[in-house]
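**Student:** Sequences listed follow chains S and L, in order. So the first sequence is residues 58 to 352, counted in this note's numbering. So the second sequence is residues 17 to 411, counted in this note's numbering.
Careful: at least some of the hints might be erroneous.
[To be verified] Covered by chain L, per the in silico footprint, the following chain S stretches (three or more residues, Cβ under 8 Å):
#, segment
1, 123 to 133
2, 339 to 348
[To be verified] Incomplete in silico selection of chain L near chain S, CB under 7 Å:
#, residue
3, A305
4, M312
5, G313
6, T315
7, L327
8, A385
Source of the hints: derived by calculation from the structure; they are not laboratory data. Model, not experiment: these values are computed from the prediction. Here a beta-carbon is modelled for each residue, glycine too, at the ideal position from N, C-alpha and C.
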Amino acid sequence: MVDDVSFDVERNSITVIVGTSGSGKSTLLRMINRLVEPTSGRVLLDGADTRSEPAHLLRRRIGYAIQGNGLFPHRTVAENVATVPRLLGWPEERIRARVTELLEIFQLDPALYASALPHQLSGGQQQRVGVARALAAEPAVLLMDEPFGALDPIIRDKAQEDLLDIQRRFGTTVVFVTHDMDEAFRLGHRIAVMSQGRLLQYDRPATLLTHPADAFVARMTGLSDRALKLLALTTAGEAALPGSSDGPRVASSASLREVLSELLWRRADSALVSGEDGAPCGRLTVAAILARAHP
Amino acid sequence: MAITAPRQRVDRLGLLLTAAGAAALIGLPFVVFKSNRIVPGEPRALHEVLPLWAALGFQAVLLGDAAVALGVADGRRRLAAALAGIVVLALAVAAAANGLTPPGNKVVRIAPGGASWVLLVSLGLMATDAITRLRPGPLARVLLLALTLVIAGAALAIGTFDNLSVMREYAVNAGRFRAELLRHLWLAGGSLIAALIVGLPLGILCHRVPRLRPPLLGTLNVVQTIPAIALFGILMAPLGALAARVPAAAALGIRGIGAAPAVVALFLYSLLPIVADTVVGLRRVSHEAVEAALGMGMTDNQVLSRIELPLALPVILTGIRVVLVQNIGMVTIAALIGGGGLGTFVFQGIGQNAIDLVLLGAIPIVVLAFSASVLLDALIEALDRTTSVSAGARA
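Could you put together the complete structure from these sequences and hints?
**Tutor:** Structural data, given as structure tokens:
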């Protein structure tokens, strides 16, 4: 059930739809590729109504990955990945090249895995094949319905990291459904919070923390550690102050939450922030970090 | 220093089979001799029908088999011993028949006696038990079946068993045998194909429209409970009326008796396993795979032909196996209403009190049903290995 929801998904970003079970988040996602047809209202993709073409043609332009991966058990990994390119009638040569490329991107050696059957793979590998398959025809939009829901925490962490990498690399527009607020904060450039078919708030993660629309959103985002969550959304590079420090070195890509933890652990007052090339690019103090831990 | 504990336990199945074989050899005739087709048979023991050296040699082979059956656990050796025993038994029966038949005489009838049958069943059980222990792959099972059929066929072709009573009946009926065999296969296979043409779409429909499932499967279940003879009778009236009213139907060979009611009845019996297993097979297909297929832009027909049916195939084949074996057996009864098939010999034989004629019909039926079962089982296993749907696809 989805009731009167209206929102824009930003191109080339990750939008996370989060909500409790039965909140309508999956239904909302499935309306985008018309697995569910809205009773009223429209879905626009690049300004065009999604109903202006047959549903199966629309779906071939949109990547789709689901929980439990949905791999075809009677088809090899390569055949699974090649599904949409085959439906689109790509030449065999192009399909083979694309499959090889994707398997390499997802760290699945084609020589070992291309002709393996899904049940011969581990859960994490199956999930990677599921995402590779969704990306096979280079869709501009990728829909993901709790794709990491069945993975254990360590593999899930890796899968999230991979997704962020891939999204940065290809600029894919991702719409991601989850019930896990931590996952939403980790992945989402924008987060839509849903409950009982209604969209309660649609904002940047930091805004959800600092200005929750109502008590439900505040409870969903978590009241007990919201200061730390807020710190986790900013990187050391973004917050670095000019100057130097003889404290511990931290990477500019580390979050303020990680830097604070490091400083507390080492009983230091300040840290030296170094960029990707290893050159120092500023400093951070405990006081400066704490100043960012509230609205 | 390795301590090997030799397997001392006596094999229980081996004990049973040995006891049965020994008792039969002592208490039952090895072959039955009849001076012509009608008179009652006279029992003949092993030593009466074979030269001493041959009788002793045969008994030595049987003793060896008993030793293997009792004390050897290795499947290969058990299988080899059982097969060797069957070959020697067949040769001994053939030799007895040849020895008892006066040169040029086509009137005497020599049939295997109780001892031969019990030994054949015991050795056959020992062989199938050994095969079960060996767990051969699908291909190995098919090859084993083919090899057995080729050897048996070759022995029949070169006339090894020509003096046995069943082969005497065959010699008299050779022309009809071929025709009835083909008719038997046609009746069993034709009704299966008709059931597939109707049953697969019905199964798919039941899967797509769950509301239809209870009434349809319920109806087919009721059909299944009607005894075959009764169903033939029920069909006679409408088919006879159809033939009388519609000349085109009569021209197609549709009549109240004969092949038409037989095929229709077998077709009706075949529908339930086909429809039910199609539904079960399709339901077994992982919901996620179908959802993903739709979500990636497959049309309904593509989902059905590329995902659902291939994944349901092993279960559907199970239904086909049931139907084929069931039909090969049930076609026999079609002979009662003039449908033809190998049942003709069975019922003629019963009518004439000629057990050899019954066997001429019954033995090929058993071989056909057994072969069909082995072949389809192997096919199902070969397919299921590559798909192994199951929960393996879970993290």
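**Student:** Which numbered hints are broken by the structure, listed smallest first?
**Tutor:** 2, 8
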